[in-house]
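Take a look at the letters that make up each chain.
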Amino acid sequence: MNCEMNELFGFAHLHKNFKPELARLVYKQDPDIVKNIATSEARKLHGMHRCVMREVHLKSGFIRFESSDHGMLYAKINLEHKTEDMLLQHFHNRFPLFHIVLEVKGVSWLINKSGVISKYNLSVLDLVKQLEIRLPKNELLCELDLGESGDDLWNKYYNSQYIGERRNLKLMKKMMPLKYREDGFETFNSRRCCKLSEFF
Amino acid sequence: MNILEKVKVLGDAGKWDTCASTASNRKVTGTDRVGNVAAGGICHSFTEDGRCVSLFKTLMTNQCKYDCKYCQNASDCAKNKVMYKPEELAKVFMHLYTKNYVEGLFLSSGVCKDADFTTEKMLEAVSIIRTKYKFNGYIHFKVLPGASRDSVKEASKIADRMSINLEAPNSSRLSQISAVKDYKIDILRRQAWIKHIAVSSGQTTQLVVGGSGETDLEILKMVDWEYENMKLRRAYYSAFVPVQGTELEWKDKTPFQRENRLYGVDFMMRQYEIKLNEFREVMVDGNLPNGDPKMHLARNYFDGPIDLNVASRDELLRVPGIGPTCTQRIVNLQNNGKKISKRSELKSIGVVLKRAEPFIKIGGWNQKTLFGF
Ligand code: SF4
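Line order of the protein sequences matches chains A and B. Position 182 of the first sequence, counted from 1, bears residue number 182 in the numbering used here, the numbering being contiguous throughout. Each position in the second sequence, counted from 1, maps to that position plus 1000 in the numbering used here.
Some hints here could point you the wrong way.
[Stated by the list, open to error] Here are the simulated lysine-lysine pairs, DSS-like style, with alpha carbons at most 25 angstroms apart: (1) A/LYS44 / B/LYS1338; (2) B/LYS1354 / A/LYS44; (3) A/LYS44 / A/LYS28; (4) A/LYS170 / B/LYS1195; (5) A/LYS28 / B/LYS1338; (6) A/LYS76 / A/LYS19; (7) A/LYS156 / B/LYS1354.
[As the list claims (entries may be wrong)] If you want a taste of the chain B side facing chain A, the calculated C-beta under 8 angstroms gives, among others: (8) MET1094; (9) PHE1240; (10) GLN1244; (11) VAL1310; (12) SER1348; (13) ILE1349.
[To be verified] Listed next, the stretches of chain A that the computed footprint assigns to chain B, with coverage defined by at least 3 CB atoms under 8 angstroms from CB atoms of chain B: (14) 21–28; (15) 37–43; (16) 60–73; (17) 135–144; (18) 154–164.
I should point out that these hints are in silico values taken from the structure, not numbers from a laboratory. For glycine and all other residues, C-beta sits at the position ideal for the given N, C-alpha and C.
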């Protein structure tokens, strides 16, 4: 039962509007009804859980990293909920050979190669600069650094994937809500976008 | 041609393959690696056509000795023919992956010289990615028509998913779009090999919808057979779009609604275990009627509104607006002796009332007439 409840509500507490009273109320209701989301309170709490999961899921795909030759991948991002830890863990599992730094609202979060998370009241660029002095060069990231043409690679590739006959901005917008796209995201610069307003 | 141009040309040539799935249950361990797989697919961007960009989907080369009439890489359409060097492709991919632009690699190719020559180059690129760059993430490897059994085996060792495209639902339809490809030998035989080798994320295939004048029934019959006999994980459907410079550039494009209808039926066959024969009953001359197939199926299936508190799983699944998760929740409530008596409860459970109402009774009475919808 606990396992089922966890699956339905487990991350609701990371939602920006989470209230402990709501969770207490839901956990007092008939479990057979609650685990099938058949009350409005259960639905609300489940909605919060899903919102959090959605942010983690979408951000896992939409965050774009800069790389430092000293073994760091870093990005400045916006988050609506308290999902820094989950995202850092996700990227640590993906890149255990590198340190990951994410800046959220002026605070930088670092997960090192051993998986330890620490918080710094510095911008990501300042933190990376300081760490670069102490960390050795990372061969792999040095080799993969393609300089300025690196960013062009993505733009060329991204633009090559579009099929004009299938144009469907409504679907694109639905799949990639504006609030989850970071500044400078590829779609903001799209050459095919006749009106910026089409994206909003 | 410089690397940026290659990325553009070979990305453009590879964009017609619609498979974008990246989900894998493979267990990744150890820390001396780059990359991981995720059990649920992750999308990294979407283009303005609404399709997800999650894989670095590219061809090794756009030179091809085959003659598929709809394809811009066919032997007759000689223009801008290029090939990646394996090291080049590996580096471009790894660069995109570490910046988190993509979730994995989808490597396909035209058939240059012969299938094994091209496959060897593809394997070389993937080995660099797997060994030199220690990449442990997702790779979809396309098997080329005519590739040898050994090369298919080699590919299976480094790929998560493999596929070879059917393109058409049977050999006579394929002969209308390619005079050279042999349906049974070039495609089905390779699919059988992939099935026996068994890669972690299984095999998929793609059909061009409307490329050879085929009906929906022909397509669905073949796909149904493939799910049964080739352990196909998923079929993809790509509505035919005429490409300039190809033999079929004069042909009208297939409406995307047809592609959507096929996806809808395919989903119901896989997830709801509804048999193809049931869809046959609503088809007209072998084609699905316009509109939502689930709605047609429901109209054909139900005599009147059903009481959700006693309906079976099979009945619930056939109600538009009720998917597998809602069905399970309703069945759970039935099993626990709990009755649904209000619309708000159904809404909470996740039922799309607007679609479901004509087919269901809530608290003993239904809200709209069945055919008034
Ligand atoms: S085999 Fe046919 S579809 Fe594939 S690249 Fe060659 S010509 Fe195109």
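Here is what the structure says about each hint:
no.: 1; hint: A/LYS44 / B/LYS1338; verdict: holds (21 angstroms)
no.: 2; hint: B/LYS1354 / A/LYS44; verdict: holds (21 angstroms)
no.: 3; hint: A/LYS44 / A/LYS28; verdict: holds (15 angstroms)
no.: 4; hint: A/LYS170 / B/LYS1195; verdict: violated (38 angstroms)
no.: 5; hint: A/LYS28 / B/LYS1338; verdict: holds (17 angstroms)
no.: 6; hint: A/LYS76 / A/LYS19; verdict: violated (28 angstroms)
no.: 7; hint: A/LYS156 / B/LYS1354; verdict: violated (43 angstroms)
no.: 8; hint: MET1094; verdict: holds (5 angstroms)
no.: 9; hint: PHE1240; verdict: violated (10 angstroms)
no.: 10; hint: GLN1244; verdict: violated (11 angstroms)
no.: 11; hint: VAL1310; verdict: violated (17 angstroms)
no.: 12; hint: SER1348; verdict: holds (4 angstroms)
no.: 13; hint: ILE1349; verdict: holds (6 angstroms)
no.: 14; hint: 21–28; verdict: violated (count 0)
no.: 15; hint: 37–43; verdict: holds (count 6)
no.: 16; hint: 60–73; verdict: holds (count 9)
no.: 17; hint: 135–144; verdict: holds (count 4)
no.: 18; hint: 154–164; verdict: holds (count 10)
Violated hints for the displayed structure, listed by number in ascending order: 4, 6, 7, 9, 10, 11 and 14.
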